[in-house]
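Could you put the whole structure together from the sequences, leaning on the hints where they help?
Just so you know, our numbering puts 88 at position 35 of the sequence shown, and the rest follows in order with no gaps.
Read the hints as simulated data drawn from the structure, not as lab findings. One or more hints might be untrue.
DSBU-like cross-link-like pairs, simulated, lysine-lysine; straight-line CA separation at most 35 Å [claimed, not checked]:
#	residue 1	residue 2
1	LYS90	LYS80
2	LYS60	LYS80
3	LYS99	LYS60
4	LYS99	LYS80
5	LYS80	LYS98
6	LYS98	LYS60
7	LYS60	LYS90
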Amino acid sequence: METHLRKVGNSQGIIIPASFIEACSLKHNIDLRIEGKTLVIEALKKPRVGWFDNYKAEEITKDDVWNDTLPDDITEEWEW
Numbered sequence: 054m055e056t057h058l059r060k061v062g063n064s065q066g067i068i069i070p071a072s073f074i075e076a077c078s079l080k081h082n083i084d085l086r087i088e089g090k091t092l093v094i095e096a097l098k099k100p101r102v103g104w105f106d107n108y109k110a111e112e113i114t115k116d117d118v119w120n121d122t123l124p125d126d127i128t129e130e131w132e133w
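This is the structure:
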């Protein structure tokens with residue numbers, strides 16, 4: 054699609070058609086960068102998105118966390 058730059062104050066801008074915005078899932082925040090001589094506009098991903106996609110709470114218990122932090126033979130060295 055061919056378009057032209059429009060004056061917006063001291064800057065210039067373009068009108069992005071609604072169909073483009075919808076197809077690229079653009080929301081309020083976008084990532085704007087230059088790659089070579091190409092201007093790239095990309096949907097900004099939420100921080101930490103997908104971090105817990107494969108997390109299953111029932112697989113990890115409190116005891117599992119503590120038991121994995123120390124080797125089994127360390128308790129022999131401790132004096133209580």
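Review point. Does the structure keep LYS99 and LYS80 at a Cα separation of 35 Å or less?
Key: holds, 11 Å
Check your understanding: Taken at face value, is the distance from the CA of LYS80 to the CA of LYS90 at most 35 Å?
Key -> Between LYS90 and LYS80 the Cα gap is close to 25 Å, so the pair holds against 35 Å.
Review point. Can the restraint linking LYS80 and LYS98 be considered satisfied, given a maximum Cα separation of 35 Å?
Key: holds, 10 Å
Review point. Within a Cα-Cα threshold of 35 Å, do LYS99 and LYS60 meet the stated pairing?
Key: holds, 31 Å
Exercise for review: Given the hint that LYS98 pairs with LYS60, test it: the Cα-Cα distance must not exceed 35 Å.
Suggested key: OK: LYS98 and LYS60 at ~29 Å, within 35 Å.
Point to revise | Hint consistency between LYS60 and LYS90 [alpha-carbon to alpha-carbon, up to 35 Å] | key: holds, 21 Å
**Study point:** Hint consistency between LYS60 and LYS80 [alpha-carbon to alpha-carbon, up to 35 Å]
**Key:** holds, 23 Å
Going through the hint list in order, the structure satisfies each hint without exception.
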